[in-house]
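**Student:** So you can see what is in the structure, the chains are spelled out below.
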Amino acid sequence: DTGVSQNPRHKITKRGQNVTFRCDPISEHNRLYWYRQTLGQGPEFLTYFQNEAQLEKSRLLSDRFSAERPKGSFSTLEIQRTEQGDSAMYLCASSHRDARNNQPQHFGDGTRLSIL
Amino acid sequence: RKEVEQDPGPFNVPEGATVAFNCTYSNSASQSFFWYRQDCRKEPKLLMSVYSSGNEDGRFTAQLNRASQYISLLIRDSKLSDSATYLCVVNTGGGFQKLVFGTGTRLLVSP
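If you read the sequences in order, they're chains A and B.
Heads up, the first sequence is in this note's numbering, so the first residue is 5 and it goes up one at a time.
Heads up, the second sequence is in this note's numbering, so the first residue is 8 and it goes up one at a time.
Warning: the hint list may mix true and false statements.
[Unchecked claim] For lysine to aspartate or glutamate, the following EDC-like pairs were computed, each having C-alpha atoms within a straight-line distance of at most 20 Å:
{"#": "1", "chain 1": "A", "residue 1": "Lys61", "chain 2": "B", "residue 2": "Glu10"}
{"#": "2", "chain 1": "B", "residue 1": "Lys105", "chain 2": "A", "residue 2": "Glu87"}
{"#": "3", "chain 1": "B", "residue 1": "Lys105", "chain 2": "A", "residue 2": "Glu60"}
{"#": "4", "chain 1": "B", "residue 1": "Lys52", "chain 2": "B", "residue 2": "Asp89"}
{"#": "5", "chain 1": "A", "residue 1": "Lys18", "chain 2": "A", "residue 2": "Glu60"}
[Claimed, not checked] Just a few of them, taken from the derived set where beta-carbon distance is under 8 Å, the chain B residues facing chain A:
{"#": "6", "residue": "Ser39"}
{"#": "7", "residue": "Cys47"}
{"#": "8", "residue": "Pro51"}
{"#": "9", "residue": "Leu54"}
{"#": "10", "residue": "Leu94"}
{"#": "11", "residue": "Lys105"}
{"#": "12", "residue": "Leu106"}
{"#": "13", "residue": "Gly109"}
{"#": "14", "residue": "Gly111"}
[To be verified] Computed from the model, here is a short list of chain B residues facing chain A with C-beta under 8 Å:
{"#": "15", "residue": "Glu50"}
{"#": "16", "residue": "Leu53"}
{"#": "17", "residue": "Phe67"}
{"#": "18", "residue": "Thr68"}
{"#": "19", "residue": "Gln70"}
{"#": "20", "residue": "Phe108"}
I should point out that these hints are in silico values taken from the structure, not numbers from a laboratory.
For glycine and all other residues, C-beta sits at the position ideal for the given N, C-alpha and C.
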């Protein structure tokens, strides 16, 4: 399977714990995106990487959230001191870079986070 | 006001029916437009891009009206397998493809 891979698929943790998710994009894609989706809503943009550089962060990404893409390949999203409001599906997407920004984003299956 | 607005539905239609979804967006500088499909508890998948001239892909037709900031999706001859949530998506640009999703319109096709 050469699609976007995310793990774990599900994470259940107690409030206040730290969690880390991993995303492996399609290998030749240099753009990587993180989104959050809650029930009944569409995905909301969190952050964007071009290669290893984090070029944009949404105001949704509080200081408890940090994302990295150290070698321009896989990415991690860490949430510190989790709160119940963090419960959501966290989606990763990747795409080629092109001059017109028209290359489609391919999504992974997501990591479903439940905070007890 | 949300940046991308859609009727959440659900739209309940029989097999073979034609169904249309509409969407409006608020950012007049938006650069490109898409419809994504999302099955229950699955990831969104690109259904089709939407062009100003209108475009068709089999049973699916998408249209864009930039003046009215309005996007539509028409599905003809609905199949049971079309049951899903259809997400209207706008690229608000800014040097990369920054996607803003609507809440989605749920479609249920029944036998």
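**Student:** Does each hint fit the structure? Answer for all of them.
**Tutor:** Now the hints, each set against the structure:
1. A threshold of 20 Å between alpha carbons decides the hint, and for lysine 61 of chain A with glutamate 10 of chain B the separation of about 18 Å falls inside it, so the pair holds.
2. For the proposed pair lysine 105 of chain B and glutamate 87 of chain A, the alpha carbon gap of about 27 Å is over 20 Å, so the pair is violated.
3. At roughly 9 Å between alpha-carbon atoms, lysine 105 of chain B and glutamate 60 of chain A fall within 20 Å of each other, so this suggested pair holds.
4. Simply put, lysine 52 of chain B and aspartate 89 of chain B have alpha-carbon atoms about 13 Å apart, close enough for the 20 Å limit, and the pair holds.
5. Between lysine 18 of chain A and glutamate 60 of chain A the alpha-carbon distance is near 29 Å, which puts this suggested pair outside the 20 Å criterion.
6. A cut of 8 Å between beta carbons decides the hint on serine 39 of chain B: the least distance to chain A is about 6 Å, and the hint holds.
7. Restraint check, cysteine 47 of chain B versus chain A: the minimum CB separation of about 11 Å is more than 8 Å; hint violated.
8. Annotation: proline 51 of chain B was flagged as interfacial toward chain A, and the flag holds, the nearest CB pair being 5 Å apart, inside 8 Å.
9. The closest approach between the C-beta of leucine 54 of chain B and any C-beta of chain A is roughly 10 Å, which is over the 8 Å cut-off, so the hint fails.
10. Because the closest C-beta pair between leucine 94 of chain B and chain A is about 5 Å apart, less than 8 Å, the hint holds.
11. Nearest Cβ of chain A to the Cβ of lysine 105 of chain B: about 6 Å, under the 8 Å cut. The hint holds.
12. Given hint, leucine 106 of chain B at the interface with chain A, holds; its Cβ is 6 Å from that chain's nearest Cβ, closer than 8 Å.
13. The closest approach between the C-beta of glycine 109 of chain B and any C-beta of chain A is roughly 5 Å, which is under the 8 Å cut-off, so the hint is satisfied.
14. The restraint placing glycine 111 of chain B at the interface with chain A holds, with a minimum CB-CB distance near 6 Å, inside the 8 Å limit.
15. The beta carbon of glutamate 50 of chain B comes within 4 Å of a beta carbon in chain A, closer than 8 Å, and the hint placing it at the interface holds.
16. Taking 8 Å as the C-beta cut-off, the interface hint given for leucine 53 of chain B holds, the closest approach to chain A being about 5 Å.
17. Interface hint status for phenylalanine 67 of chain B: violated, as the beta-carbon distance to the closest one in chain A is roughly 15 Å, over 8 Å.
18. Using the Cβ-Cβ criterion of 8 Å, the hint placing threonine 68 of chain B at the interface with chain A is not satisfied: the shortest such distance is roughly 19 Å.
19. Proximity of glutamine 70 of chain B to chain A is violated relative to the hint, the smallest CB-CB distance being about 18 Å (cut-off 8 Å).
20. A hinted interface residue such as phenylalanine 108 of chain B counts as satisfied when its beta carbon comes closer than 8 Å to some beta carbon of chain A; here the least separation is about 3 Å, so the hint holds.
Of the numbered hints stated above, those contradicted by the structure are hints 2, 5, 7, 9, 17, 18, 19, listed in ascending order.
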